[in-house]
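Undergrad: Going down the list, the protein sequences come from chains A and B. Take 1 as the starting number for the first sequence in my numbering and just add one per residue. Take 1001 as the starting number for the second sequence in my numbering and just add one per residue.
Note that these hints are calculated values from the structure, not bench results. A couple of the hints might just be wrong.
Simulated restraints on C-beta separations [what the hints assert, rightly or not]:
#1 B:Asp1106 to A:Gly391: 53 to 59 Å
#2 A:Arg405 to B:His1099: 56 to 62 Å
#3 A:Arg151 to B:Arg1313: 27 to 33 Å
#4 B:Asn1252 to A:Arg357: 33 to 39 Å
#5 A:Gln398 to B:Ala1322: 40 to 46 Å
#6 A:Arg448 to B:Arg1313: 41 to 47 Å
#7 A:Pro465 to B:Gly1065: 57 to 63 Å
Simulated coverage check for chain A against chain B, where a stretch passes if three residues somewhere in it have a Cβ under 8 Å from a Cβ of chain B [as the list claims (entries may be wrong)]:
#8 135-143
#9 229-240
#10 254-265
#11 341-351
Residues from chain B shown here face chain A by an in silico Cβ test under 10 Å; the list is partial [as the list claims (entries may be wrong)]:
#12 Ala1048
#13 Tyr1070
#14 Val1096
#15 Gly1101
#16 Lys1103
Just so it is clear, the structure is predicted and the values come from calculations on it, not from any experiment. Here a beta-carbon is modelled for each residue, glycine too, at the ideal position from N, C-alpha and C.
2 protein chains.
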Amino acid sequence: MNPKKDEKKITPRSQDFAAWYNELVLRAELADYAPVRGCIVFRPDGYAIWEALQGELDRRIKRTGARNAYFPLFIPQSFLSKEAQHVAGFAPEVAVVTHGGGKELDEPLIVRPTSETIINHMFAQWIRSHRDLPLMVNQWCNVVRWEMRTRIFLRTAEFLWQEGHTAHASREEAEQEALTMLEVYRAFCEEILALPLVTGRKSAAERFPGALETYTVEALMPDGRALQCGTSHHLGQNFARAFEIRFLDANNQLQYPWQTSWGVSTRLLGALIMAHGDDQGLRLPPAVAPRQAVIVPIWRNPQEGEAVRQAARQLLGELERAGVRTHLDEREGVTPGFKFNDWEMRGVPARIEIGPRDLKERRATVARRDRPAAGARFALALEETAAKMPGLLAEVQQSLFAQAREAMRRNTFEPKDYAELSRRMAGEGAGLASLFWCGAESCETKVRDETRATCRAVPLGQDEPGGRCLVCGEPARERAYFAKAY
Amino acid sequence: MNPKKDEKKITPRSQDFAAWYNELVLRAELADYAPVRGCIVFRPDGYAIWEALQGELDRRIKRTGARNAYFPLFIPQSFLSKEAQHVAGFAPEVAVVTHGGGKELDEPLIVRPTSETIINHMFAQWIRSHRDLPLMVNQWCNVVRWEMRTRIFLRTAEFLWQEGHTAHASREEAEQEALTMLEVYRAFCEEILALPLVTGRKSAAERFPGALETYTVEALMPDGRALQCGTSHHLGQNFARAFEIRFLDANNQLQYPWQTSWGVSTRLLGALIMAHGDDQGLRLPPAVAPRQAVIVPIWRNPQEGEAVRQAARQLLGELERAGVRTHLDEREGVTPGFKFNDWEMRGVPARIEIGPRDLKERRATVARRDRPAAGARFALALEETAAKMPGLLAEVQQSLFAQAREAMRRNTFEPKDYAELSRRMAGEGAGLASLFWCGAESCETKVRDETRATCRAVPLGQDEPGGRCLVCGEPARERAYFAKAY
């Protein structure tokens, strides 16, 4: 804690989005750079958000019937090569262990970039009969992908994630599972992280290496770039064939199962920060805020101090009993103004001030982090503060979602022609383009090469769109979202 | 699920302890061998026990004031060398990443065997003033130590653990922290895992590499070998000096902080299994049992089946509302006897049978896993079953602890002379020897070389013991526990 240093403001978001993001992350003590290329340290305030997020998502995953397990960090190099597209996708970015216990290894080991290969090796031993299906496991773990351009939470060599892997008796069931998880991710991101999304399938070029189909949830950041928040893959029988997973069906016939995998990672922390943060710092949705409310007692002399702190401690107890994660800031030697700035920087959804005058009038002064500083403070009767806080936090959650949805709406557009698409993508705050598309990879490649926008999602369940491809002018197969992406 | 195969019994524990353990772990589907040397797969039933254990221990750790964080998997090779004893202890057993992203790395990276070095590198940047202290972080993660002799859960190349790291302004405060965590581990192991322990400090020879003092909690397994369940280290200023961590004290003087680290790992799963398991399989303490009670409905014809299953589902709801983690086994195509054996193997603390006759008499037939099969079943009024279950589970928890404590008591002895120590250590079920010791490393080495017993723990707070060293006959400094160890 260095009061002087910490009172410096961070770069305004509108001035330099990337600088704003980095400064916010460091100043709010969410993370720090590590002494290993591409790696970061999750500091307690950042990790606590991950824990809150993880706890809620874990419950939702378990409700679908998947159970947690843990598979090895190391994968024999030969495993990666068993599925042709998979190895092509991941081989260039793996970290390789060549020595162990002081000796060179006979076969190098890959540090897992994802666990399809080793999990399917195990599935081949566990699956014998249709009665063993569906088999649904999930693991929370670290993975490593050698990245050259690092960005805290968004793109790091090591990151944390969950990866679910399932095997089913039929294609339909696997397809349903992939879609179920797409919906789990959508509901989780919108309800818990207050992140509005577009959802759909990926184009062939953007699919997971080895998948038949990849479904995605995508958010739009305030700088106009899209961020992939989670993916769910229908793997078909590709890995089953590569790893010789077979089961006896009800008619005693040997069959390959149909599989899925799905995951979200700590990049969700980056999405949270970018979508909700402002020039004062982080703004956390109450559902994942480690501290939902902070109480700042204010006084000028010891007599006042005693009474104010006693009232603050009583309120702390009441809030905790009301199920509100509350912190009482009793730090000495820093001003209330410093504390206000500090908790704003750290994104605490509700600040509660209690001073001598508040006490005299039996009230608390409350500030909501979702509202701009001017006019954000209001009084609550001290006796009712704890009872009203859960409702107030629910409003903050809704309000952050509404603000993010409005920002997304403003930044989503339907280009009339290719020139408009190019112009928008070349400018500031490029945004999310909803456009008619013939579905051909050649058109997708042209857009990517010329505008740097990629196909983010093709919404599901489209009727005949009726228009013409924005790129080639042929009849459109569908509408698709294109954007520059993180 | 293969009914035939699964009805084969496992090797009796008294016949071959190691075979019994391995067969139990595989049959109860707790873990499986992985296709990577020294690594294992945690299957859902095994991982669920780890999650239960982790949840409870995490709450206890947070109550001491530590917060969770996450540091990188990879450590620059040069870091490991900064503390002389530390590198000597860990260098022989590390895994080394030499290639990343298709290129040879300039400096090889160590896969963390423990995180003192990288965490202290970060502490050096975060600690400036006495106001930054104490700094207390904990992380749950995977670590890798290249092991040649693998034993599931007990000794594996990769394992899961928590490691706490703290920095304090004074030696006394660090010493107190190390002892606080010793007590957290003791209470956790005894209250939650039902594992009786001896506690104390390690001899100099058995200390953590780089520590001033190592404190330990040790359990005695039924085969007479000790198992280290957790350790807490007072690191002094060794790492602070090596990583140049300094703070300005209240008098504006630069000081090195005093530090601790402490951890427990997935080896606790091995301790649980060995301490409580029997010839029918696992016996889980209710506090960490993923399924605390299982309901087995029994019927012969469809009319019976309908009524029985309806009653079973109602009871399931009642038990869940009573806070009991309950599973209803509605599998078709296997006999009730098969289900009984299956749930005994998986260690579920309470089995509840409901058959047509039970239903007629409005009762449930309950079997406690902590009691031998003969005479273990008794009836409870159906209406009272849910209400009585929490109390009954508390009794099972106590009973498992009492049985383990009695087994430990029977296997602990005070050898009269060195010959008795040698004889006991050479025999079956060697046991835990409490002996007078002069404290000299030469005597410890002699015992280790001749009997393979090592000093497990020196109890704290001993008065003058008054006896003579069992090895050299000189006046004893203290009593110490010696045993052959896992």
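Undergrad: Next, verify each hint and record whether it holds.
TA: Consistency of the hints with the structure:
The hint said 53 to 59 Å for the Cβ distance between Asp1106 of chain B and Gly391 of chain A, and at roughly 56 Å that hint holds. Range check, Arg405 of chain A to His1099 of chain B: Cβ separation about 45 Å, and the 56 to 62 Å hint is violated. As the Cβ distance of Arg151 of chain A to Arg1313 of chain B is approximately 51 Å, the hint placing it in 27 to 33 Å is violated. Distance hint for Asn1252 of chain B and Arg357 of chain A: a CB-CB separation of about 37 Å, consistent with the stated range 33 to 39 Å.
Range check, Gln398 of chain A to Ala1322 of chain B: about 35 Å between beta-carbon atoms, so the 40 to 46 Å window is missed. At roughly 55 Å, the beta-carbon separation of Arg448 of chain A and Arg1313 of chain B lies outside the given 41 to 47 Å, and the hint is violated. The beta-carbon spacing between Pro465 of chain A and Gly1065 of chain B, approximately 59 Å, falls within the hinted interval of 57 to 63 Å. Restraint check on the region 135-143 of chain A versus chain B: 3 residues with Cβ-Cβ distances below 8 Å, three needed, restraint holds.
With a threshold of 8 Å between beta carbons, the proposed coverage of the region 229-240 of chain A by chain B is violated, since 0 of its residues qualify and at least three are required. Coverage of the region 254-265 of chain A by chain B is violated. Counting CB-CB distances below 8 Å, 0 residues qualify, and the rule asks for three or more. Using a Cβ-Cβ cut-off of 8 Å, 0 residues of the region 341-351 of chain A lie near chain B, which falls short of the minimum of three, so the contact claim is violated. At its closest, the beta carbon of Ala1048 of chain B sits 7 Å from a beta carbon of chain A; the interface hint therefore holds under the 10 Å criterion.
At its closest, the beta carbon of Tyr1070 of chain B sits 4 Å from a beta carbon of chain A; the interface hint therefore holds under the 10 Å criterion. Annotation: Val1096 of chain B was flagged as interfacial toward chain A, and the flag holds, the nearest CB pair being 4 Å apart, inside 10 Å. Interface restraint check for Gly1101 of chain B: the shortest CB-CB distance to chain A comes to about 3 Å, inside 10 Å, so the restraint holds. Hint on Lys1103 of chain B holds. Least Cβ distance to chain A is approximately 9 Å, under the 10 Å limit.
The structure fails to meet hints 2, 3, 5, 6, 9, 10 and 11 from the earlier list, while all remaining hints are met.
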